[in-house]
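Asks: Here's the letter readout for the chains.
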Amino acid sequence: MFYWKFLRPGAVSPFTGFAWEPGRWVAADSSAQCQSGFHACRVSDLPYWLNAELWRIELADPVAVGTHKVVSPQARVTTQVAGWDQLAAGAFARACATRVLGHAVDELSQCGLEDMAGRLAGAGAAFQPAEWTAVAGRCADAADARGAWHARKLCGYVQDAAATTGRYPAAFAAYLAARAASHRSSATLADRYLDERDWQAQWLAGNLALG
Amino acid sequence: MTAADGSRCDRVRRADVSALDELLARHHPGAQVLARAAAVTESAADESLEQAWELLVAGIIGRTVTDGTRSVLLSHLMTTLAERRRLDPGPAAAAPRRAFYPPDDRWAGWWDDEQAPREWPPGTTLPWTRVARALREVPVGLRVLLILRDAIALAAQEAESVIPVPAARQPEVLDDARRSYVAALDEQLTGTGAAEGESRASAPGSALDPPARDGEADLRPALRARARIRDISCDAVFGLVGLWLDGSLAADERDAYEQHLLLCPWCVAYVGKTRLALAALRGVPASAPAGSFRRRLITLIQPEP
Numbered sequence: 006m007f008y009w010k011f012l013r014p015g016a017v018s019p020f021t022g023f024a025w026e027p028g029r030w031v032a033a034d035s036s037a038q039c040q041s042g043f044h045a046c047r048v049s050d051l052p053y054w055l056n057a058e059l060w061r062i063e064l065a066d067p068v069a070v071g072t073h074k075v076v077s078p079q080a081r082v083t084t085q086v087a088g089w090d091q092l093a094a095g096a097f098a099r100a101c102a103t104r105v106l107g108h109a110v111d112e113l114s115q116c117g118l119e120d121m122a123g124r125l126a127g128a129g130a131a132f133q134p135a136e137w138t139a140v141a142g143r144c145a146d147a148a149d150a151r152g153a154w155h156a157r158k159l160c161g162y163v164q165d166a167a168a169t170t171g172r173y174p175a176a177f178a179a180y181l182a183a184r185a186a187s188h189r190s191s192a193t194l195a196d197r198y199l200d201e202r203d204w205q206a207q208w209l210a211g212n213l214a215l216g
Numbered sequence: 002m003t004a005a006d007g008s009r010c011d012r013v014r015r016a017d018v019s020a021l022d023e024l025l026a027r028h029h030p031g032a033q034v035l036a037r038a039a040a041v042t043e044s045a046a047d048e049s050l051e052q053a054w055e056l057l058v059a060g061i062i063g064r065t066v067t068d069g070t071r072s073v074l075l076s077h078l079m080t081t082l083a084e085r086r087r088l089d090p091g092p093a094a095a096a097p098r099r100a101f102y103p104p105d106d107r108w109a110g111w112w113d114d115e116q117a118p119r120e121w122p123p124g125t126t127l128p129w130t131r132v133a134r135a136l137r138e139v140p141v142g143l144r145v146l147l148i149l150r151d152a153i154a155l156a157a158q159e160a161e162s163v164i165p166v167p168a169a170r171q172p173e174v175l176d177d178a179r180r181s182y183v184a185a186l187d188e189q190l191t192g193t194g195a196a197e198g199e200s201r202a203s204a205p206g207s208a209l210d211p212p213a214r215d216g217e218a219d220l221r222p223a224l225r226a227r228a229r230i231r232d233i234s235c236d237a238v239f240g241l242v243g244l245w246l247d248g249s250l251a252a253d254e255r256d257a258y259e260q261h262l263l264l265c266p267w268c269v270a271y272v273g274k275t276r277l278a279l280a281a282l283r284g285v286p287a288s289a290p291a292g293s294f295r296r297r298l299i300t301l302i303q304p305e306p
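Sequence order for the protein chains is A and B. So for the first sequence, the working numbering puts the first residue at 6; every next one is plus one. So for the second sequence, the working numbering puts the first residue at 2; every next one is plus one.
So that you can see chain A by itself, here it is in the shape it has in the complex (with noise of 0.2 Å):
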């Protein structure tokens, strides 16, 4: 079966430091490294284990389902996703930049500040940090004197995204868009956090031809 992996750059495993060979298949032994097999990810799992390369792995059975993963005790990389490099994964953290802002857009609208979120929702229609952080101010203080915290704190999201977007990790990018949307004051979803798992991972599939 065929699966995905996320490697640092050079096809390297980021916590064991462990180097692939493509193409070569590789058994988990009894050794510090490989105990618990080797993991990797469904498209659903993506958004949560970004990191600098992308691979398409291929597990032996048993494949093991775990939270967020798949464990396989033997696996080999195969091919190297050419479309996730670092002007994808900018796009990307944009992407996600942009979902925080909506998150914050939604929020005001629903405390009913719609002028303040009309003014977010104009800035954002392309990234620039600068003015994320003033709108998302005065929208921070609007919501303030109303008393709504949500949206009080989804604006503070949106200074956040401006600040750390293309100067973090996408893996924060990512995390952030969720955490934003899971300090929604709406409850019309079971879990917003894991909605916008599942966006950021059709996002992946969608740009990057995962199918």
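Some hints could be false.
[To be verified] Ranges of calculated distance between the beta carbons of each label pair, as one might list FRET restraints:
1. A:22 / B:124: 16 to 22 Å
2. B:270 / A:150: 52 to 58 Å
3. B:248 / A:66: 23 to 29 Å
4. B:43 / A:47: 55 to 61 Å
5. B:158 / A:91: 48 to 54 Å
6. B:63 / A:17: 54 to 60 Å
7. A:190 / B:105: 17 to 23 Å
8. A:91 / B:280: 26 to 32 Å
9. A:49 / B:277: 31 to 37 Å
10. A:211 / B:103: 36 to 42 Å
11. A:69 / B:67: 45 to 51 Å
[Stated by the list, open to error] If you want a taste of the chain B side facing chain A, the calculated C-beta under 8 Å gives, among others:
12. 107
13. 124
14. 252
15. 253
16. 256
17. 259
18. 260
19. 263
20. 264
Simulated from the structure, these hints should not be mistaken for lab results. Everything numeric in this text was worked out from a predicted model, so none of it was measured. The beta-carbon is built from N, C-alpha and C at its ideal position, and this holds for glycine as well.
On the provided structure of chain A, position chain B as indicated by the hints.
Replies: Frame of chain A, contents of chain B only:
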């Protein structure tokens, strides 16, 4: 005691000098590291270590040492240092300082940007002189456990026979020790270590009981209580770095920990520093026992007629 050590003890009792040399080769380096880390001066360390060896050899000959040669030696060493007031107690107690956002901040538990850890300069090396200076900034109870577990690689049960810290409590004490040690190295290398950890000492001349924690709870239940791998914060990563480096976290805990490392450059910097600092403890050079000291031990097993 390993079967090989048991055999060496039997050979020592038969006045076999080569067996004595084998015991010295196996156990002297680690004991020397502990002695020099715990004693007030190098000469006090060397004298205490020689006395510990004499006690050990006397015990082997008198058959009072029946197992645990290494831990008996280390235990003699610590007792000698304590009884002769040669222990370096470490710095005076200081109030803990935290560098994380407070509970009412939307990033509660995450590194305060102003005080977050920065990476050490590229190519940073940690020679013994630097390591020793940092160890002096760690309270002696923590320092001894750090050496026993991380430099000499004793298991918890064996370390328990040398220092009065129950094996069950050692993970939290060891974490405190590692944090103090890394903070001291940070202070040397970047001048920012004080914000990352705490440095409290037992009172001079007190027992080796490690300082009590300031009410900080064991972070592992807190980690598990979070329903999903989503909100692990930097303070949790900070508190669990030792367990992660040891491979002691459960699978879901480890996943949460590693996912945080993927997105937090400050925690990556801190974990990297800790890994380098602990590796430096394992690479401490040791010098061979002095010839005169070895000859004294030989006369113990081969008494002159």
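Asks: Next step is simple, just say for each hint if it's right about the structure.
Replies: Each hint, compared with the structure:
1. For residue 22 of chain A and residue 124 of chain B, the hinted distance range of 16 to 22 Å is satisfied, since their beta carbons lie about 19 Å from each other.
2. Restraint check, residue 270 of chain B to residue 150 of chain A: a C-beta distance of roughly 39 Å breaks the suggested window 52 to 58 Å.
3. Range check, residue 248 of chain B to residue 66 of chain A: about 26 Å between beta-carbon atoms, so the 23 to 29 Å window is met.
4. Remark: the range hint 55 to 61 Å for residue 43 of chain B to residue 47 of chain A is upheld by a beta-carbon distance near 58 Å.
5. Hint check: residue 158 of chain B to residue 91 of chain A, Cβ distance near 49 Å, so the stated range 48 to 54 Å holds.
6. In this structure the hint that residue 63 of chain B and residue 17 of chain A lie 54 to 60 Å apart at CB holds, the actual value being about 55 Å.
7. For residue 190 of chain A and residue 105 of chain B, the hinted distance range of 17 to 23 Å is satisfied, since their beta carbons lie about 19 Å from each other.
8. A hinted range of 26 to 32 Å for the beta carbons of residue 91 of chain A and residue 280 of chain B is consistent with their spacing of about 31 Å.
9. The supplied range of 31 to 37 Å is met by residue 49 of chain A and residue 277 of chain B, whose beta-carbon atoms lie about 36 Å from each other.
10. Against the hinted window of 36 to 42 Å, the Cβ-Cβ separation of residue 211 of chain A and residue 103 of chain B comes to about 40 Å, which satisfies the hint.
11. Taken as a hint, the range 45 to 51 Å holds for the pair residue 69 of chain A and residue 67 of chain B, whose Cβ atoms sit roughly 46 Å apart.
12. Checking residue 107 of chain B against chain A: minimum C-beta separation of about 5 Å stays under 8 Å; hint holds.
13. Nearest Cβ of chain A to the Cβ of residue 124 of chain B: about 19 Å, over the 8 Å cut. The hint is violated.
14. The restraint placing residue 252 of chain B at the interface with chain A holds, with a minimum CB-CB distance near 7 Å, inside the 8 Å limit.
15. Interface restraint check: residue 253 of chain B against chain A, minimum CB-CB distance 6 Å, threshold 8 Å, status holds.
16. Checking residue 256 of chain B against chain A by beta carbon gives a least distance of about 7 Å; that is within 8 Å, so the hint holds.
17. With a cut of 8 Å, the hint placing residue 259 of chain B at the interface with chain A holds, because the nearest CB-to-CB distance is about 6 Å.
18. Among the interface hints, the one on residue 260 of chain B holds; its C-beta lies about 5 Å from the nearest C-beta in chain A, closer than the 8 Å criterion.
19. Contact between residue 263 of chain B and chain A, as hinted, is supported at the beta carbon level, the nearest pair being about 4 Å apart and thus within 8 Å.
20. Contact between residue 264 of chain B and chain A, as hinted, is supported at the beta carbon level, the nearest pair being about 4 Å apart and thus within 8 Å.
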